[in-house]
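If you're matching positions, the sequence shown starts at 1 in my numbering and goes up one per residue.
In short, the hints are calculated from the structure, not lab data.
A portion of the hints provided could be inaccurate.
Derived pair list, reagent style EDC-like, types lysine to aspartate or glutamate, alpha-carbon separation capped at 20 angstroms [as the list claims (entries may be wrong)]:
| no. | residue 1 | residue 2 |
| --- | --- | --- |
| 1 | 89 | 50 |
| 2 | 91 | 59 |
| 3 | 49 | 69 |
| 4 | 28 | 39 |
| 5 | 89 | 77 |
| 6 | 25 | 77 |
| 7 | 28 | 59 |
| 8 | 91 | 69 |
| 9 | 25 | 62 |
| 10 | 20 | 62 |
| 11 | 49 | 59 |
| 12 | 25 | 50 |
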Amino acid sequence: FHSLDRFDEKDNVSNCIQLKTSVIKGIKNQLIDQFPVIEPWLNQIMPKKDPVKIVRCHEHIEILTVNGELLFFRQREGIFYPTLRLLHKCKF
1 FHSLDRFDEK DNVSNCIQLK TSVIKGIKNQ LIDQFPVIEP WLNQIMPKKD
51 PVKIVRCHEH IEILTVNGEL LFFRQREGIF YPTLRLLHKC KF
């Protein structure tokens, strides 16, 4: 049952990249296009001064993190999906 194995950072993460401000703006615009109701929450979810990183995993999965908190994920260059924790926290 490989699909039920726990996520292990050293086995599943290929690299982690801190994003530049211009890339963060592009991602914020993409999130607003995908989820228009997120706009009032966006500065709370992704404060300007906090480091935003993309964690790249196997199978072309990317996880968007802010201060180590997992917020969104996507496969390849597809749409972003919010994590359940973020949905419960913000209730948008």
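Tested hints:
no.: 1; hint: 89 <-> 50; in the structure: holds (18 angstroms)
no.: 2; hint: 91 <-> 59; in the structure: violated (29 angstroms)
no.: 3; hint: 49 <-> 69; in the structure: holds (15 angstroms)
no.: 4; hint: 28 <-> 39; in the structure: holds (9 angstroms)
no.: 5; hint: 89 <-> 77; in the structure: violated (26 angstroms)
no.: 6; hint: 25 <-> 77; in the structure: holds (16 angstroms)
no.: 7; hint: 28 <-> 59; in the structure: violated (24 angstroms)
no.: 8; hint: 91 <-> 69; in the structure: holds (17 angstroms)
no.: 9; hint: 25 <-> 62; in the structure: holds (17 angstroms)
no.: 10; hint: 20 <-> 62; in the structure: holds (16 angstroms)
no.: 11; hint: 49 <-> 59; in the structure: violated (31 angstroms)
no.: 12; hint: 25 <-> 50; in the structure: holds (13 angstroms)
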